[in-house]
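Trainee: In case you want the letters, here they are:
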Amino acid sequence: MIRSTHLPLLITLATFVLAYALCASAYPAMLSWRVIANLLTDNAFLGIAAVGMTFVILSGGIDLSIGSVIAFTGVFLAVILRDTSIHPLVAFALVLTLTTGFGAAMGATIHYLEMPPFIVTLAGMFLARGAAYVLSTESVPITHEFYDTLQGLYWKVDGARFRLIGGLMVLTFLVGIITAHRTRFGQNVYALGGGEQAAKLMGVPVARTTIGIYAVSGGLAGLSGIVFSLYTSAGYSLATVGVELDAIAAVVIGGTLLTGGYGFVAGTFFGILIMGLIQTYIVFDGTLSSWWTKIVIGGLLFAFILLQKGLTWAAQKRAAQARRRTATGSAALS
Amino acid sequence: MKDTPTHPMPVLHARGISKFFPGTIALDDVDLRLMPGEVHALLGENGAGKSTLIKCLTGAYRRDAGTLMLDGQDVAPGSTADSQLLGIGTVYQEVNLLPNLTVAENLYLGRQPMRRGFIARRRMNAQARDVLAGYGLDIDPAEPLTAYSVAIQQVVAIARAVEMSGKVLILDEPTASLDRDEVQLLFGVIRQVKARGLAVVFITHFLDQVFEISDRATVLRNGRVVGECLLRDVTQRDVVTMMLGRQLEAQVKTRDTGRPGKTLLDIKGLGKRGMIAPFSLTIREGEVVGLAGLLGSGRTETANLIFGAVPADHGQVLLRGREIGLRNPRDAVAHRFALCPEDRKIDGIVGDLSVRDNIILALQARQGWMRPIPRAKIEEIAQSYVRALDIRLASLDMPIRLLSGGNQQKALLARWLATNPDFLILDEPTRGIDVGAHAEIIALIEQLRADGMALLVASSELEELVAYSTRVIVLRDREQVSELTGDQITPDNIINAIATEDAA
Ligand SMILES: Nc1ncnc2c1ncn2[C@@H]1O[C@H](COP(=O)(O)OP(=O)(O)OP(=O)(O)O)[C@@H](O)[C@H]1O
Ligand SMILES: [Mg+2]
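For the protein sequence lines, the chains are Z and E, in the order given. Heads up: the first sequence begins at 1 in UniProt numbering, then just goes up one per residue. Heads up: the second sequence begins at 1 in UniProt numbering, then just goes up one per residue.
Among the clues, some could well be false.
[Stated by the list, open to error] Straight-line distance between alpha carbons at most 30 Å, and here's what the computed BS3-like set of lysine-lysine pairs gives: (1) E:K194 to E:K167; (2) Z:K317 to E:K272; (3) E:K268 to Z:K200; (4) E:K272 to E:K262; (5) Z:K200 to Z:K317; (6) Z:K294 to Z:K309; (7) Z:K200 to Z:K309; (8) Z:K200 to E:K194; (9) Z:K317 to E:K167; (10) E:K272 to Z:K309.
[What the hints assert, rightly or not] Just a few of them, taken from the derived set where beta-carbon distance is under 10 Å, the chain E residues facing chain Z: (11) S83; (12) N106; (13) G117; (14) L230; (15) L231.
By construction, these hints were calculated from the structure, which means they are not laboratory data. The C-beta atom is built at its ideal place from N, Cα and C for all residues, glycine as well.
Isolated chain Z, as found in the complex:
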């Protein structure tokens, strides 16, 4: 059964299908496995980070540190693989611990010092970016056989190469969807987004959940950084500036309410694909400036925010009507 809360998700899905149909009618070549495979590969790092952002926004928060954490992760890996003989897997574990801990620390600050997430993660953004600069101001190339091995992993369909990192993103989304809807942690995230005070009175462990949410976001930004380093084979402290904003855009286009409480991880997946599709279209066209991507995404964002306003308004109206209906119903019933 389709419920009203699923409507934004369906609209995102419809937008994607429509956008793809439009693209395909203009450039039939876009209707190929190659394009789909590239869509996944090119947007892998953004998608992974956006999963974390979805949890943060669902809980009513925001995480501005993502882009910096991704850059830091890249530089950290590049420097550590250049200067030491540590195996990349160990380096991955190390950097994931670091970024998860960093997120958890931001979550703890937000909760215990009762500071707005905007401010705390803004500080986190400068901190992580600064740390990346300290490690290296130049782009550091990564050359390691293990990286070559990982980059060489793919699954071939009709000449299209589905690479490891794209698969990792899809996996992250699947885990994210299950976590949001089928675990207590996920339910607590929604509860926080619905109202912290009520959630607290209902026994939601607010401290643990808040810390957990930002730890997940930090950890996924770390994973995104690893993926980005696999994608670019380098670490650069000036990379991925503003990626947090792209992630927020994907989440909103995916139908999640920016004020928290309502939305779906799956929506973000299609948000990412829609944004990727626009980029692909511009590449296919060849004459349009890449800035058009930004403009179209801006337009889309605006449209989706208007849509959400409209839907919230309609839902409130419907709820008020339903309330009037059921009020008489229940009065009659007993």
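Take the given structure of chain Z and dock chain E with the ligands to it, following the hints.
Mentor: Chain E with the ligands in isolation, oriented as in the chain Z frame:
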């Protein structure tokens, strides 16, 4: 061992509980003993500290002093989650469910049925349906909570607390938004819970309900316990005297009604499709028109329509013989109307603003924001209403959300009285207000009427309607079904009019 069969051990024993807020001693050395299988009423005026005590017992507030024993064991719940684990289920005075979750998700938040480490949603919905059926609700638990009425939401909150309560069930003013029938349903549940040997704490300002369901009562005044008694040994009057610290004068019924003055408002066929059937009504100066009916019968809708909060789609309104347009509340306020709404949490208080600003809000809005009311004048108005309505507060500067529930309601009333309207609409003016203040508000309504104001008062408390109304309009299913005047106005007649089909 002291606990002989005649003196069973308390399930919950709180000793020496104290709680301080800046400027207020909310609780001062309070003891509370809850016996197994008893319903224990917690009574006291608005601001006496009832809700604060509940929050200290359940870990929602950190207490400043005192110990807590559950089944003879020292316990120290540090959060509501802890107290739930200890088997204490609570419905707090504030609405405590989440609007963005479904009914079932709300019911089971924190203790969802799991299968192989994941929430078993289908089982959760099925269980929720069964549980709610036990409360006479046949609703789809997979729907969002907000799809249902406030009364149903309240039943869901109660069901959640009952499910949580292995030892103690605490209900802080659970009946404020329930109808008689729903209250009876709740009492049925309380009796079941009691029969299982749990202790139930019941907070309310309806003394009839207290005597109907409770065995014992603890009375608080100004944060201190003034007494504990078995209710079968005392009368309502005794309890009221304990609560107020003084005798409440017997209510003299003063419905002589003077002679109503000129017609103020003439409403002709006002209505809105799908919301309220067209109705006509004249209201004269110096007259109180009561609106009676069950929850959802259209009382609030009628009030909102006349105030322009919901624009009507047909009919007209004449004010002193001249037609006026009421497209929104601003128009109404400009015509010196005022509406004190039913749900203070939704359309009433501005929680973070000070009590002073909340009281002055409507008056300032009518004057226009360009012409600020002088500081001294604001102070004077706020002070005078705090005194007149006996609003208990530490200072006028405190954010209004920190006031006790009943005092928030009074401050809201003050806001609209401050505009000195010609026509005052009150929607459930005494909800959550204590007996002392209840009598004062009824006296106030009388006073305003005698001074020539026209009032329209919607209320679910029949005795109260009978006390102040010069006429009573009865609503059923969003339609006016009858009008009672003069000696016809008795609780029984109103009940009959509500219940009978075609009573008009
Ligand atoms: N967080 C807070 N900060 C400051 N003062 C508070 C706070 N919470 C409650 N108070 C004050 O403590 C006193 C007791 O309030 P409480 O809510 O316990 O009253 P109550 O007995 O439940 O009244 P009501 O019947 O109106 O609900 C009030 O004077 C209130 O203003
Ligand atoms: Mg209270």
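Trainee: Each hint: holds or not?
Mentor: Against the structure, the hints:
{"no.": "1", "hint": "E:K194 to E:K167", "verdict": "10 Å, holds"}
{"no.": "2", "hint": "Z:K317 to E:K272", "verdict": "15 Å, holds"}
{"no.": "3", "hint": "E:K268 to Z:K200", "verdict": "49 Å, violated"}
{"no.": "4", "hint": "E:K272 to E:K262", "verdict": "28 Å, holds"}
{"no.": "5", "hint": "Z:K200 to Z:K317", "verdict": "28 Å, holds"}
{"no.": "6", "hint": "Z:K294 to Z:K309", "verdict": "22 Å, holds"}
{"no.": "7", "hint": "Z:K200 to Z:K309", "verdict": "27 Å, holds"}
{"no.": "8", "hint": "Z:K200 to E:K194", "verdict": "27 Å, holds"}
{"no.": "9", "hint": "Z:K317 to E:K167", "verdict": "40 Å, violated"}
{"no.": "10", "hint": "E:K272 to Z:K309", "verdict": "25 Å, holds"}
{"no.": "11", "hint": "S83", "verdict": "8 Å, holds"}
{"no.": "12", "hint": "N106", "verdict": "8 Å, holds"}
{"no.": "13", "hint": "G117", "verdict": "8 Å, holds"}
{"no.": "14", "hint": "L230", "verdict": "31 Å, violated"}
{"no.": "15", "hint": "L231", "verdict": "26 Å, violated"}
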